[in-house]
Amino acid sequence: MILAFALAVAVLFGSGAYLLLQRDLLRVVGGIALISQAAAVTLIAASLTRGQAPIAPDPSRPVSDPVPQALVLTALVIGLATLALLLALVHRVVVVFRTTRREALTAEETERAHALEPEQQRDRDEAT
Amino acid sequence: MTSLSVALLVPWVAGAVLVPLDGRRRWVAWLAVAALAGTLAALVVLTVRVVASGPQQLVTGGWPAGIGIVLRADALGVTFALVSVVVLIAATANEAILGPRARTFPALLVLLAAGLTGLFLTGDVFNFYVFFEIAMTASYALTAYGGEARQLRAALVFAGVNLLGSFIFLMSVAGLYHVTGALAMADVADRMSAVGANAGLLIAVGFFVAFSVKLGLFPFHYWLPTVYAGSRPAVAAVLSGAVANIGGYGLLRFGAGVFSDQLRLASTALVVLGATSIIYGGVLAASRGDTAEMLAYSAIGQVGYVLVALGVGGAVGLAAAVLYSVVNALNKALLFLAAGLRGRLLAGAFVLGALSVAGVPPALGYIGKLELFRTAVVAGSAALVVLLLAGSALSLVYMFQTYQRNFWRDDGSGKTSSPVANRLVVAALALLVLAVGLWPEPLLALSQHAVEALSGRQG
Amino acid sequence: MLREVARLVWGPSLVVAADLIVKGYNEVGDGFAAGVVVVLATALTYVALGASGAERALPFLRHAPKLAVGGLLLALVAGFFPLLLGEPPFSHRPGPGAHVATVGSLELFTPVLFDVGVFLLVVGVLTVMLHHLADPDSEAGTPLDEPHDAGERA
Amino acid sequence: MDEHRLLGEPADQSRAEDQGRSEDQGRSALPVDRPGWAACAIVAVGFALCLWAYRRGGGSVSWPWAPTLDLRLSFSLDGLGALYALLATGIGVLVFAYGTQYLSLHLAHENRPARERWRFWPWMALFAGAMVGVATAQDLVLLFVFFDLTAVCSYFLIGFDRSETLTRRAALMALLVTVVSAVALLIAAVLLYVRYGTFEIPQLIDRAQSGTTTTVAGALLAVAALAKSAQIPLHFWLPKAMAAPTPVSAYLHSAAMVAAGVLVLGRVHPLLARSDAVLTGLQVVGLASIVVGGLLALGQDVLKQVLAYSTISQYGYVVVLYGIGGTTAAGAAAFYVLAHGVAKSALFMTAGAVTMATGEDRLSRLGGLAPRRPLLAISAGLAAANLAGLPLTVGFFKDELFFEAMHGAGPWMTGLAVVAAGLTLGYIGRFWILLFLGRCRTEPRPTPALLTAPVVVLGVISVVLGLVPGPFSRLAEDAGTVTAAAPVTVLPGYHATASAPNLMALGAWTLGALVLLLPGALGRVSTLVARAGDRLGPLRLYTRTLRGLFGISGALHDREVRNLRTSVAAVLVPAGVLTGWAFVVTPTVGALSVGTVRGIDWLVLPLLGLVTVATVVAAVSRARLGMVLALSVVGFALSGIYALVGAPDIALVSVLVETTITLVFLAALAGLPRDAPPTGRFLPGPEAAPHRQGRQVLAGGIAGLAAFTGVWGFLSAPTRAESIATEFIRLTPGAHGRDVVTVIITDFRGLDTLAEITVLLIAGVGVATLLRKGKLW
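Residue numbers (my numbering), protein chains in the order written: chain A, 1 to 128; chain B, 1 to 459; chain C, 1 to 154; chain D, 1 to 777.
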């Protein structure tokens, strides 16, 4: 099982990373979602014991390790929270960058760069 | 024990109360400042207790330590908490005077403070993660503050990269539990010795990556310039002066406190990484036309010192690491705020910051440099001494180049100058940097205690 | 038809939630789960009636923010009140081992208060998110903030 | 380059008009410089106090400063301290008085508001204080603090005319050279502290043995000191620093700041003396500075440049003397510093007065001023004679003592000493002659008396002490005693005998006379040296280094692509590499296990398979909807797994969460524009070329591999110690619960839950902030 879980985590994390590198921001969010799942699986896989559910457990039989379960519960909630925030952020970015026309935007960037160039040149001349 | 809970509770409750209020009203922002001031007061009391009578500890629910969550305030934690809250106060006051532009700004800052105090004062690995998420989530929202294209871009990059870091951290926590069967840092640290070298080092790498991302160390630094230069000055000050402390603290707490063996194993690697960071950051900071971008690269270089000191290790090295983290946090907060304003007083403030970064007395920085040189000399490494020398030379070049551009070549005349109150806030921060530089004993003593706390953890 | 379901579903969801909280300590589930259940019911209403419709059908939704903050404060109180008694936070009354009065399967002691706090917050926050994400663009056209030059980085 | 701008003085074309203006300004219209006089008064009081304390036998104080680092605020007004403190404050009084007039005129010339004085006098006063600090500090770190403080003051004073590019450059250069080299002092301090456990100079002198540490530390101290005293090869900043207003040059760059360097040498000399290498080095550097500085001074046209190179050369004398070491040299060095300080500041003030009067700063445009400014001419002449070491001036004794020490150091030194003194006479004679004799090229206009008076005072001092050198020699004796750590006697006097010093003096004068009589020859040599210096001198190196730095910086910056994708990749790839490193460097044999599959696992495995497949689908699916659905499949499959492995609580929550997430995603999908997906195009950085897909697959692969290595690594190493889980299970009933997990999250670890819901709230607030300007509803 160790190997199986490790492989699952690897696939989840790797695919998540791959999605993070995409240019479609919704895919980026998907990547984060996958990576959070990878983390959850890792936590569960980190259980030291597996067996019956830890609800009034019968001491004679093995019990599933409750600690990682508690941690996963917390982690899931946090994952949900961050995911929602990220989605909102992405949405905002898309809206703003769509309402401000592309060329205007790139123009702004290049303009910034151009504005800096003479400054830097003057700095160089000045220091030497 | 009470002061510990209070330090935790004040920002938490205040943040919750502030959420529904309209933060664009100045009094709300000042309420936030007051809350942070309260936190600072509680922390000061706590610090006095810690210095007087050793670490303060409590276990939630009165359960045995490890079952209940261990909250533990030692010198290391309170030092970082203090400096972070000071920075937050300065930044919040700065915006309070200008009038915040977003309803939620004050609440988010206070909640950020709650997260930071929590993670600096907890003695439990997973609890650290949770508070860490409070701080990070708040800072994701804060980075977008201002809401223009640049800020949103900054927020996106910041969130994307740091979420990745957070999950790497979480997976490492899982590993830590699996190999030690405990979550309380003390127990974990005790049990680490029994852990196999392979597993131990792999987990340690996970933690290292997570914290290096926060710090923006050399290979992980790409996000940093975009974010620091893109976000608004107050936010940049918070990110570099308060949030980045998570990285430094984490490296110290987990590196020296939990993974001491792995740290020794990796010391060379750390020193190399740190050295690269110093040089790379310093070189790129030179001849940057945009002050904020220069400061961002400077930050990359400065955290390199912390890593080098940590890598060299030993009592002197760790003390230097603690000291320099504090120095760097104050410098960056001061400089980002100063760079964001216009008018009189600021030249002086900026100069003090610049001197501090370059390690020139009487500003605080030279004490950090002194400790670093001590580290290098104790380690008996001439190469390190040369590296530090090069680092300070570089910082001198880029800081004063920028100073001359901003305050000599065009001395702010013609530009509308910022409200005097803002400049007074910055000046106060500058005076703090100067004062601690003139009387460094308290800081030195704190860093000393911090190291004792760490080594106490170790064994 | 879907509308009917939506309306009908919302009430029972509360019952389920209550059950989850009450049984929480002995069976599966807790305040969080309960909260999500309610929110899912709300979400269904949103899907059925659309944002405006849902908010007309369930007018009390607009109190969600208060609910969220109130929930957090309640949880904080439930967690930290022991400080007043000089005990560490999260010490619960009645303490471990002590007798606990029960109503049905509901044990009357402070963790329940805490759980209720969690429940309220989850309902509140998730509803807020739902409300915003349901029609995110309603105000996004305007810039996020008023023009404001002082202290602007040159 | 145009030296006018360098000097910050009005260029000649503008001379005509400000002739008239400064006529009346020169007379009365000048506002009284109150801050200037205040500073002057402060320094005067300082002088009086130093003198009084010194007459009472000095004394010392020592308070704890930073016990953790054994730092102490320890000062002592011993002979050496007294000498430099008195020199700094004494000259200070005169220069400040001079400055009150000079600065007003200067600002008037440039039509600058009088309030700019406030950017001048505070630094001057602070500098004077810092000099006293340097002179009296006994703790190496404390010394370093004051040492750098002087550098910072000089930076702001040099940069006083900050509107001039050349001024800004000069200021930055001075700062870089002096501050960076000063770090050597700090390093030395740390070296000695780590070795001998103290920063206190006296204790260090007691404890330090000759050895590598001491040699290295000594060398470092010497470097810091030499750069400060503008010695070859770190001298180039001083001539540039002449961009400062004349009072600054007359104070910092003649008698005070540059003196701080040799002061440090004198202070720590017993340490330096532990190593012959260091002493030899000092001799070499000193001689080089004497000769090069002297030669270059001969060729200069700009008044202050002549004096600047002369300063380099003159402090060379002192350095050589310290290099020789021993009691005679120590006393001579101390005496030399005093005499030189008097002469040089007088000459600088002369230069300033002349420039103020004529608007000219070049010898080639000046001359014949003696009849028009007799008093100035005579006083300047006395100062020049002092510098040249002619009889009846105190300078004669400084040379006498110098010759004596050099003679003691062997024939080579004897010869070089004569050459050096000859050069000095040559260039300073040339300076005075060209300035005051010959035909008048520029008519001077009246200037305030205070621009001449200080020169007169110093000239008089030169002569009076030339007749009764007692005060100076006594000071020099005490100072030398500190330096040589042995009683020193300084007995200057006129002996009409054929003693070595007298003969050397005669030789020097003849040589100097020759230089004056045939200027052509040495002038050519001087220009040659100058040209060589420009070609491959240290200044060239400095410039090249900085330019190179900026070049590299720009290139690297252009290479960096700071968009989201690169940032993420910059985390993933190094993380992967580090993980690989960790995997390789640690023993893996037997550390990894495959694990066992039993019972329920047979149901878990297929679900894991499903998860894997769905994940890959989510990753590769081109349609957004496809990705979202695949994601939810992943989620629900995982919920199933949770249920199977005995985690019903998670199963429940994860089902609920997955449903919510799916809803949220769908909502976002509906909200997001259908058109071309928003891309990195908006984030800084170039368009992604198709080949980048490959890179992304690669990065993803690395990340996955790293995760696999890490997770497999620690999953294979479960703890042997007892997990806290058992404790939780044992204690749960006591906490009035049956469901251990629920009890953990609400009771044992309730704090986590509290924080977790706070995160949720913050996220909600964030969403509101982003989409509704923070309106929660």
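Quick caveat, the hints were computed from the structure, so don't treat them as lab data.
It is possible that part of the hints are untrue.
Unchecked claim - One-sided and incomplete, this derived list gives chain C residues near chain D with beta-carbon spacing under 8 Å:
no., residue
1, Ala101
2, Val103
3, Phe109
4, Ala134
To be verified - Only pairs whose alpha carbons sit at most 20 Å apart, straight line, appear in this in silico SDA-like list of lysine to any residue:
no., chain 1, residue 1, chain 2, residue 2
5, D, Lys773, A, Arg98
6, D, Lys773, B, Arg150
7, D, Lys775, C, Ala134
8, D, Lys773, A, Val96
9, C, Lys23, A, Arg98
10, C, Lys66, C, Val77
11, D, Lys773, C, Arg62
12, D, Lys773, C, Ala51
13, D, Lys773, B, Arg24
14, D, Lys773, C, Val77
15, C, Lys66, B, Arg150
16, D, Lys775, B, Asp22
17, D, Lys775, A, Val96
18, D, Lys775, C, Pro59
19, D, Lys775, C, Val77
20, D, Lys773, B, Arg25
21, D, Lys773, C, His63
22, D, Lys775, B, Val28
Don't be surprised by glycine CBs; every beta carbon is placed ideally from N, CA and C.
Index of numbered hints that the structure contradicts, given in increasing order: 1, 2, 9, 14, 15 and 19
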